[in-house]
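2 protein chains.
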Amino acid sequence: MSPSIFETSAPHDEPSRLTAFAINTLDRRSEHRTEGDLQEALSKSDTLFFAFSKGNALVKQGRSLLTLKDIEQFEPDFDNAAIIGWTNEGSARVTVSIKLDEEQLKEGDQLLNPRSIYSNNLLTGDLLGQLAQAASINAWINSTLFCGVCGHKTKPRAGGYNRQCTGCEKLHFPRTDPVVIMLIIDEKNDRCLMGRSPHFATQMYSTLAGFVEPGETIEDAVRRETFEESGIKVGRVRYHASQPWPMPHTLMIGCIAEALTTEIDYDSEELEDCRWFSREEVAERLKHSEGEDRLSPPKGAIAHRLLQDWLDWT
Amino acid sequence: MSPSIFETSAPHDEPSRLTAFAINTLDRRSEHRTEGDLQEALSKSDTLFFAFSKGNALVKQGRSLLTLKDIEQFEPDFDNAAIIGWTNEGSARVTVSIKLDEEQLKEGDQLLNPRSIYSNNLLTGDLLGQLAQAASINAWINSTLFCGVCGHKTKPRAGGYNRQCTGCEKLHFPRTDPVVIMLIIDEKNDRCLMGRSPHFATQMYSTLAGFVEPGETIEDAVRRETFEESGIKVGRVRYHASQPWPMPHTLMIGCIAEALTTEIDYDSEELEDCRWFSREEVAERLKHSEGEDRLSPPKGAIAHRLLQDWLDWT
Numbered sequence: 001m002s003p004s005i006f007e008t009s010a011p012h013d014e015p016s017r018l019t020a021f022a023i024n025t026l027d028r029r030s031e032h033r034t035e036g037d038l039q040e041a042l043s044k045s046d047t048l049f050f051a052f053s054k055g056n057a058l059v060k061q062g063r064s065l066l067t068l069k070d071i072e073q074f075e076p077d078f079d080n081a082a083i084i085g086w087t088n089e090g091s092a093r094v095t096v097s098i099k100l101d102e103e104q105l106k107e108g109d110q111l112l113n114p115r116s117i118y119s120n121n122l123l124t125g126d127l128l129g130q131l132a133q134a135a136s137i138n139a140w141i142n143s144t145l146f147c148g149v150c151g152h153k154t155k156p157r158a159g160g161y162n163r164q165c166t167g168c169e170k171l172h173f174p175r176t177d178p179v180v181i182m183l184i185i186d187e188k189n190d191r192c193l194m195g196r197s198p199h200f201a202t203q204m205y206s207t208l209a210g211f212v213e214p215g216e217t218i219e220d221a222v223r224r225e226t227f228e229e230s231g232i233k234v235g236r237v238r239y240h241a242s243q244p245w246p247m248p249h250t251l252m253i254g255c256i257a258e259a260l261t262t263e264i265d266y267d268s269e270e271l272e273d274c275r276w277f278s279r280e281e282v283a284e285r286l287k288h289s290e291g292e293d294r295l296s297p298p299k300g301a302i303a304h305r306l307l308q309d310w311l312d313w314t
Numbered sequence: 001m002s003p004s005i006f007e008t009s010a011p012h013d014e015p016s017r018l019t020a021f022a023i024n025t026l027d028r029r030s031e032h033r034t035e036g037d038l039q040e041a042l043s044k045s046d047t048l049f050f051a052f053s054k055g056n057a058l059v060k061q062g063r064s065l066l067t068l069k070d071i072e073q074f075e076p077d078f079d080n081a082a083i084i085g086w087t088n089e090g091s092a093r094v095t096v097s098i099k100l101d102e103e104q105l106k107e108g109d110q111l112l113n114p115r116s117i118y119s120n121n122l123l124t125g126d127l128l129g130q131l132a133q134a135a136s137i138n139a140w141i142n143s144t145l146f147c148g149v150c151g152h153k154t155k156p157r158a159g160g161y162n163r164q165c166t167g168c169e170k171l172h173f174p175r176t177d178p179v180v181i182m183l184i185i186d187e188k189n190d191r192c193l194m195g196r197s198p199h200f201a202t203q204m205y206s207t208l209a210g211f212v213e214p215g216e217t218i219e220d221a222v223r224r225e226t227f228e229e230s231g232i233k234v235g236r237v238r239y240h241a242s243q244p245w246p247m248p249h250t251l252m253i254g255c256i257a258e259a260l261t262t263e264i265d266y267d268s269e270e271l272e273d274c275r276w277f278s279r280e281e282v283a284e285r286l287k288h289s290e291g292e293d294r295l296s297p298p299k300g301a302i303a304h305r306l307l308q309d310w311l312d313w314t
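Going line by line, the protein sequences match chains Y and Z. For what it's worth, our numbering labels the leading residue of the first sequence as 1, then goes sequentially. For what it's worth, our numbering labels the leading residue of the second sequence as 1, then goes sequentially.
Misleading hints may appear alongside valid ones.
Which copy is meant is left open, so a pair is good if it fits within one copy or across any two.
In the EDC-like style, the derived pairs of lysine to aspartate or glutamate whose C-alpha atoms are separated by at most 20 Å in a straight line are [said to hold, decoys possible]:
(1) 106 to 72
(2) 153 to 169
(3) 233 to 273
(4) 299 to 126
(5) 153 to 77
(6) 233 to 31
(7) 233 to 13
(8) 233 to 14
(9) 233 to 27
(10) 188 to 7
(11) 233 to 7
(12) 44 to 27
(13) 60 to 103
(14) 54 to 169
(15) 60 to 46
No wet-lab data here; the hints were simulated from the structure.
Next up, chain Y with everything else stripped away, as it sits in the complex:
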């Protein structure tokens, strides 16, 4: 018998599972959400909430999953809320906007963006995944309050997971932006390409990345973005892993790609530097991936995964 089509040489069967925000066990019932779901959930005592003020999650004494009592004083906007899913026990999880400023916070309570929650390890596993989904849907709702076709207000449908224009009746669906993020490998010289953006931690380098454009394959997006940012021409592209990235609603598509050239001519509007790193340098940098003076993207970031898996691959 031939080897299974699912046997690959990769160091993990599914590296996506090893990225932050990826684990989410809620039942989304995406084909079966009904108009009444949200009202029903709001009437039940076991329903819990993720609450956001201007994109920042309310974290009360370390808890991000909140009760109605936790949030009712902050004018929760239930007219523009959404069910993100149900637990195994049938308990609903709802994402909702609240009105709350930093100054109003009680001691021990925080307003944090999903990036800080992840990089400070405040949540992990399933709860971090649910938070990502809640943050992305909340951001999408807040940018879809009006219809882009005609400018009229939209109203929630399907438990808040869709929205419909009150003027032209167009249905709006959640938005997810695909981004390619790629580790470019110069196999002959056993090295990889990383750049640094001016807003990175001061010593950190990471893999290149960019939005997939309309009318483009994943592989072509990898080649275009790499060439635009670094001047390096890319040949073969191999998908490796993906990661939900809720800033605000991105799907990171992680690839390993083959450098056909070695002369770097980087885009100085985008990058502060871009250079080749040996296997040994990468191994050393990955040991310093936490905190403000980190040298590489933190554990859980798909860039970290691409780098570590390249080291482990061969």
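Given chain Y's structure and the hints, the job is docking chain Z onto it.
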């Protein structure tokens, strides 16, 4: 020396290249589009246009790439046009909306959606890819004429490739919707899963597919959609190929996935039927992939690619 990280057992190095709409050699200059690009392009005689009326492309005597003279009588909306890219010779390509009804068409001219253009082989290769990009950007512009945050009008930026709200100044970027499309394999019994949607050609079956949701990896989207549509539980997922699909602005992400169960319980709201197909049945069906009475998705469709490559793989 170990084998290259880019050596896989797949029957093609890059099956994405073999899908319709995938080839597009325009230089997008995505990081370097400037405000004046569109005005400059409109003043040059070598600039050519893709023109759309309600999402349908004007095809004049078989040509989809049109001159200013071809379209000027149809009130081209240059205030909401966009440059999609430049040829190697530096000639710009612009996507623009026009006002034109079926009744106004001269003999030999047509208004066609991208799907018909592709399935009738009216365009191929690079021009089909450019048309896909033009159609997707045109659709995005027409659904982003108003700001979703505040309802004010938007205006074009960066040669039309971005839009900015005239009220709250929010920048809007082109939208691309990631969709997973998957061939589910029961390796032990050497068969694969296909379903038929009520709107398919009457004898046709194809692979299952669905939108990636916010806060979800590609692999989890494959498992969720497969379970929701067919009741089959999926284990390992292997990315295979991607395809731009301009109806209106989708990125098809094609995967091969491992069935862990064999008992089908399909969603009768979505599907008319769903069943297992042997390797021999698939081979026979792929011979009949053209025309109204086709048995399988047409060549160029990523579903066709997944099926053919499964046959060729082992």
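Each hint, compared with the structure:
In this homomeric assembly, residue 106 and residue 72 come within 20 Å of each other (Cα to Cα) only inside a single copy, at 15 Å, whereas the closest approach across copies is 63 Å. Proximity of residue 153 and residue 169 under a CA criterion of 20 Å is satisfied in both settings, with 10 Å inside one chain copy and 18 Å between copies. For a Cα distance limit of 20 Å, the shortest separation of residue 233 from residue 273 inside one copy, 17 Å, qualifies, whereas the shortest one across copies, 46 Å, does not. In the homo-oligomer, the alpha carbons of residue 299 and residue 126 lie at most 20 Å apart inside one protomer (16 Å), although the nearest pairing across protomers, at 41 Å, exceeds that limit.
Taking CA atoms no more than 20 Å apart as the test, residue 153 paired with residue 77 passes inside one copy only; the shortest distance there is 15 Å, against 25 Å between copies. In this assembly of identical chains, residue 233 and residue 31 lie within 20 Å of each other by CA distance solely across copies; the values are 17 Å between and 42 Å within a copy. With identical chains, the CA atoms of residue 233 and residue 13 are at most 20 Å apart between copies only, with a shortest distance of 17 Å across copies and 29 Å within one. Taking CA atoms no more than 20 Å apart as the test, residue 233 paired with residue 14 passes between copies only; the shortest distance there is 16 Å, against 28 Å inside one copy.
For a Cα distance limit of 20 Å, the shortest separation of residue 233 from residue 27 across copies, 14 Å, qualifies, whereas the shortest one inside one copy, 42 Å, does not. In this assembly of identical chains, the alpha carbons of residue 188 and residue 7 lie at most 20 Å apart only when taken from different copies (15 Å versus 25 Å within one copy). Only between protomers do residue 233 and residue 7 lie at most 20 Å apart by alpha-carbon distance; the minimum there is 19 Å, versus 29 Å within a single protomer. In this assembly of identical chains, residue 44 and residue 27 lie within 20 Å of each other by CA distance solely inside one copy; the values are 17 Å within and 55 Å between copies.
Taking the shortest alpha-carbon separations for residue 60 and residue 103, only the intra-copy value of 15 Å comes in at or below 20 Å, while the best inter-copy value is 63 Å. In this assembly of identical chains, the alpha carbons of residue 54 and residue 169 lie at most 20 Å apart only when taken from different copies (16 Å versus 27 Å within one copy). In the homo-oligomer, the alpha carbons of residue 60 and residue 46 lie at most 20 Å apart inside one protomer (18 Å), although the nearest pairing across protomers, at 61 Å, exceeds that limit.
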